[in-house]
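Asks: Below, each chain spelled out in residue letters.
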Amino acid sequence: MEPVFAVLTGLFFAFAVYLMLSKFIIRVLLGVAILGNAVNLLIFINGRLLREVPPVLAAGLDVPAGPVANPLPQALILTAIVISFSFFAFLLVLSWRAYEALGTDNTDRMRLAEPETSPLPPEGY
Amino acid sequence: MASSPIDLSLALVTAAPDAADWLVVLPVALCIATGALLTMLRGRPALQGGLAVFSLAVLVLLNIGLVSHISASGPVTMMMGRWLPPFGIAFTADMAGALFSLSGSVVALAAGVYSLGDINEKGRRHGFYPFLMLLMAGVSGAFLTGDIFNLYVWFEVLLISSFGLMVIGSEDRQIDGAVKYGFLNLVATTLFLIATGFLYGIFGTLNMADIARKAAGFSGTAPLMTLATLYVFAFGMKAAAFPVNFWLPASYHTPRIVVSALFAGLLTKVGIYALLRTGIMLFPAERAGLSGVIATVAVLTIISGALGALAQSDMRRLLGYLVVSGIGAMLAGLSLGTVEAVAGTIVYGVHSMLVMGALYLAIGLAGRAAGTFEIGGAGGLWQRQLPLSALTLVLFFAVSGLPPFSGFWPKLMLVKAALADGAGWLAAALLIGGFLTTIATGRFFLIAYWRPSSSPQRGEGGPKGRMRGNTGSELAEIPPYPPFGHLLPAGEKGQAAALLPVALLTLASILIGLYPEPLIAAAKTAAEGLVTPSAYIGSVFGGEP
Amino acid sequence: MNSLILRTIAPVLVSLMVLFSIFVLLRGHNEPGGGFIGGLIAVAALSIYGIAFGVGAVRRALRFHPATIAGAGLMLATLSGLVSALFGAPFMTGLWVTPVIFGTEIPLATVMSFDIGVYLVVVGAIGAVALSLEEEEDDA
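Chains as they are written, first to last, in our numbering: chain U, -6 to 118; chain C, 9 to 553; chain F, 147 to 286.
Relax, there's no trap hidden among the hints.
So the derived list for chain F, only partly shown, Cβ under 8 Å to chain U, looks like this:
#, residue
1, Glu177
2, Pro178
3, Phe182
4, Val275
Chain F residues, not near chain C, derived (Cβ > 10 Å throughout):
#, residue
5, Thr154
6, Gly200
7, Trp242
Keep in mind the hints are simulated off the structure, nothing from the lab.
Where is the CB? At the ideal position from N, CA and C, for every residue including glycine.
Model the full structure from these sequences, guided by the hints.
Replies: Following this line, the structure appears as structure tokens:
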């Protein structure tokens, strides 16, 4: 299973990087969303794959009866999903505000904070 | 198998923790609790400022307690929820973390006091103080945690809060800056997460003491080199190392000045701290392999930061480049990796936190007095604002690394360490960087402070009420800077109150400059603890091997 | 949205979803569930209510500002972690009491109050985002 997942993760990363290289904010945003999923998949594979044995204890047991999937990567991924979800929400709102305020989602034209015609530094004393 | 009695005490730390151990957790818990309280008090903006400053003062005291406890009895660990290491999340503070945490809280306290006169009702309703406290929770957590995934979580906590702080006011320039800041920092933390995922795959543990213990066995293998490279890249991006530093000068000048001061004082140093923790403590052999790359990056960061500062006409953007240049000096220490060099980096980090925070606050006051943040547009501040100008001059000396202020000693330590290591070119870059910084700040001071005000309109009008529009025809294209008239505290008293935090931070810089031994000794302890982490590991795992 | 069907069904649907979210929250200790997913279900319920009756109605129904709810949840979670200080256990240690109420043993724990805190944080924080986004849509 691992090679298949590894290739899939690679594809996710490739798509994410391709989208993030765009100069349009909306594509970068989509790239960021895919990147988050790529990383989650990566963590998942790094915890080793095991099918059909969820790490849930049966009633009355103190330890699982038999091998179970590694619960730690799942906890890590849950945390990462929560975080990337809130980031995505924030960046989405921010990008929308930026589009409203600046009238463009082309990063080349977003020069309000760093104006192209900024004055020269003082040349004498 | 069924319900056989399991001795849970084997999986738990049953001994009660020392009362002093709570010092590791309390800074974080205090910040989160205060942040939660302030969020609930959003309808009472008048209360918020006082409460936040009070709890920041308590935070400073807690951190002083932590530093003195660690210097007395070594690193301190508390396992969350009694779980046995390495399974539970550990909070482990050693000297390095505690020193950074202490100076960070001092900067936050100063910024908190300054904000009382700078953040208006609207900013408070937008949640400045809750975000400030949650930012401090993230910063303290990052400095004090002993678990690498937990470090990632604290990075995100401080990042989310910094987003909130950055867009307070919602001006168009802020939105523009926040877009760049947001996306690039998100990519950096994602790289951190990627590296952590691989790390878990290799080591099967996330506890930093456990990793440090096991890393020696994997030393020199390709996966570990990949890991170290990923961490250096990710944290280098957070710390604003060349060539992945362009988000910093693009965004740090856009928010409220007190927010810039917080960011300059805290965020990049969290990146440096994480670089030290991973590079020096976890993967020393790999860092040694990368030292050439890190040294090159350090030199480029120092020089490009200083040159960038020379090329600026906006006061705040000039400071942004000075932050970058300082990061380069700290990276130089990381590339050398000896105890002396790491100690130099730590002292430089403490100095940079205090001085850069103070400089942003001072420039905020200067911009208020001059009515503009253009260097060329200001003038004659020395005549009108003598105490502020004197403090700024001291801070400029300190940031340029001139004696007898705090910037001198770490630079001396780093140069000595570089020469001892035979890296003369690194020492030369440090000195050239200092020289260029001196030119940039010196010119800034001469034009904006020392030279009498040249433009006739501003001569007699005095400082108050002047906003913009009188910066000359050549500058008319620049978008207007935020009108801060409504933020001016009333009268002389407000001015003095706003000057207090700057004065205190400057005093700290002078004290470190005149009496550096305690700080240097503490930094040496911290550096030794990072280079040979046996005490750190021992504090997590007890006496066991 | 002005749909008679939605407005008729929404109160029933929303109360069921809120009930289910609390069920998921409480079952979370030993089985799949917990504060985060419970909170998300509750926010989904709030959003449906908002779509049917407008954001103002949701804000009135909540009584408190979403940020206040999130703050209270964060406070509850932090305090749950700190309770263990009184019993000589490290931060975030789960402590249990099982009082017998009406002849039934009710296990209560700081783990549970922490989870309720998480629930409130999610309801407050995500709810605030959802409400402000819906509000913008109403303006447009």
